[in-house]
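Enquirer: One letter stands for each residue in the lines below.
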Amino acid sequence: MTCLKTLLTLFYEFFLTGALATGGGLATLPFLARMSSRHPEWFTTSELTNMIAVSESTPGPLGINMSTYVGFKVAGIPGSLVCAFALVLPSVVVIIIISRFLVKYKNNRHIQNAFGTLRPAVTGLIAAAGWLVVKESLLLRAPSGIASLVGSFDIGAVIIFAAIVALTQIKRLEKLHPVVLIAAAAVAGVVFKL
Amino acid sequence: MKKNLKLFGAFFRIGLFLFGGGYSMLPLLRREVVDKNGWATQEEILDYFVIGQCTPGIIAVNTATFVGHKKNGVPGAVSATLGIIFPSLVIITIIAALFENFARFDAVRHAFVGIRAATGALITAAVIRLIKSGVRSVRALLLCLASFAAVAVFGGSPVVVVIAAALIGVVFGFRRRGE
Numbered sequence: 001m002t003c004l005k006t007l008l009t010l011f012y013e014f015f016l017t018g019a020l021a022t023g024g025g026l027a028t029l030p031f032l033a034r035m036s037s038r039h040p041e042w043f044t045t046s047e048l049t050n051m052i053a054v055s056e057s058t059p060g061p062l063g064i065n066m067s068t069y070v071g072f073k074v075a076g077i078p079g080s081l082v083c084a085f086a087l088v089l090p091s092v093v094v095i096i097i098i099s100r101f102l103v104k105y106k107n108n109r110h111i112q113n114a115f116g117t118l119r120p121a122v123t124g125l126i127a128a129a130g131w132l133v134v135k136e137s138l139l140l141r142a143p144s145g146i147a148s149l150v151g152s153f154d155i156g157a158v159i160i161f162a163a164i165v166a167l168t169q170i171k172r173l174e175k176l177h178p179v180v181l182i183a184a185a186a187v188a189g190v191v192f193k194l
Numbered sequence: 195m196k197k198n199l200k201l202f203g204a205f206f207r208i209g210l211f212l213f214g215g216g217y218s219m220l221p222l223l224r225r226e227v228v229d230k231n232g233w234a235t236q237e238e239i240l241d242y243f244v245i246g247q248c249t250p251g252i253i254a255v256n257t258a259t260f261v262g263h264k265k266n267g268v269p270g271a272v273s274a275t276l277g278i279i280f281p282s283l284v285i286i287t288i289i290a291a292l293f294e295n296f297a298r299f300d301a302v303r304h305a306f307v308g309i310r311a312a313t314g315a316l317i318t319a320a321v322i323r324l325i326k327s328g329v330r331s332v333r334a335l336l337l338c339l340a341s342f343a344a345v346a347v348f349g350g351s352p353v354v355v356v357i358a359a360a361l362i363g364v365v366f367g368f369r370r371r372g373e
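First to last, the sequence lines map onto chains P and S. In terms of this note's numbering, the first sequence is residues 1 to 194. In terms of this note's numbering, the second sequence is residues 195 to 373.
For the record, the hints were derived by calculation from the structure and aren't laboratory data. Take the hints with a grain of salt, since some may be wrong.
As the list claims (entries may be wrong) - Below, simulated BS3-like cross-link-like pairs (lysine-lysine); rule was C-alpha separation at most 27 Å, straight line: (1) 175(P) <-> 196(S); (2) 171(P) <-> 230(S); (3) 175(P) <-> 230(S).
To be verified - Just a few of them, taken from the derived set where beta-carbon distance is under 7 Å, the chain S residues facing chain P: (4) 199; (5) 203; (6) 255; (7) 354; (8) 356.
As the list claims (entries may be wrong) - Stretch by stretch, here's where chain P covers chain S in the computed footprint (C-beta under 8 Å, at least three residues): (9) 226 to 238; (10) 241 to 253; (11) 260 to 270; (12) 280 to 293; (13) 298 to 307; (14) 344 to 353.
All residues carry an ideal CB built from backbone N, CA and C; glycine is no exception.
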């Protein structure tokens, strides 16, 4: 039996995320990171990183996948339904209103100005959330063996991280699907027992 | 009703074959919305896509809502939106339910060390791309650094940053035009 209060809290958090996350699925990430610090019992940063990986490797919009996953983790199937619907509700309302004033809206000076500053700020927000994920994925909780020689970094993870960042910077590999890289990293993890 | 079902079906298929979101959606949209059903022209699709990008919410979902609304008003908007989120709901729920059982195996834990590193790398790559395309002036760079610091260093809330950034844009725009 899922507590109604939890579902209401999920609805509130995801409605807020849907209303404010602008610029695609990754823009929901800073809000999810904020949730894990506000509601530590929901999910840890490590679990969030797993959820992002699964969401990137399965079909569907990234933001919807991550929200559905969080919802399921916190409150089962009712949770995943509540989160997905709460996330899309604000944008459905906004789009229905906007599509009636389509032309006027596009050329509105104030809105253009607002987006001029929103885009770089959102980039900073995604970078901050990304930083959290990178820290989580590269640092060992308890240094051991060779890892203690170079501090608390997980060397295997650092190598995978550096290799994939480098690969994504190659122009010819731009179209390479993320799922290929994720799968390769999973294989490396198993083979080298990371 | 028939129209709504068709919208639901078309966006259900888009949701099912969409990976990661963003620009990977365009070819799918073209096939379902322009070629197969003639619901919108290629130019209209791009317009919706651009607006979907700068309105709150998930781009793919926003674009679905737009096309649905154009085709059949509010019921159409709701049908298309439900269509695009439906595959995610089913697939993720199944995976999430299974994952908790699989997570006990050693091999799965090893795999996820690698997968987490890959996820961090993919987000880093996305941030590099965003900086290259969207942060092209000193003012933009300062804004980007300030919002990064506000959250990563000072533990601020993204809610406040988003609202503050939009307000700064409106106010700053005013002043620059008044000079």
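Enquirer: Looking at the structure, which of the earlier hints fail to hold?
Expert: Those not satisfied are hints 1, 2, 4, 5, 7, 9.
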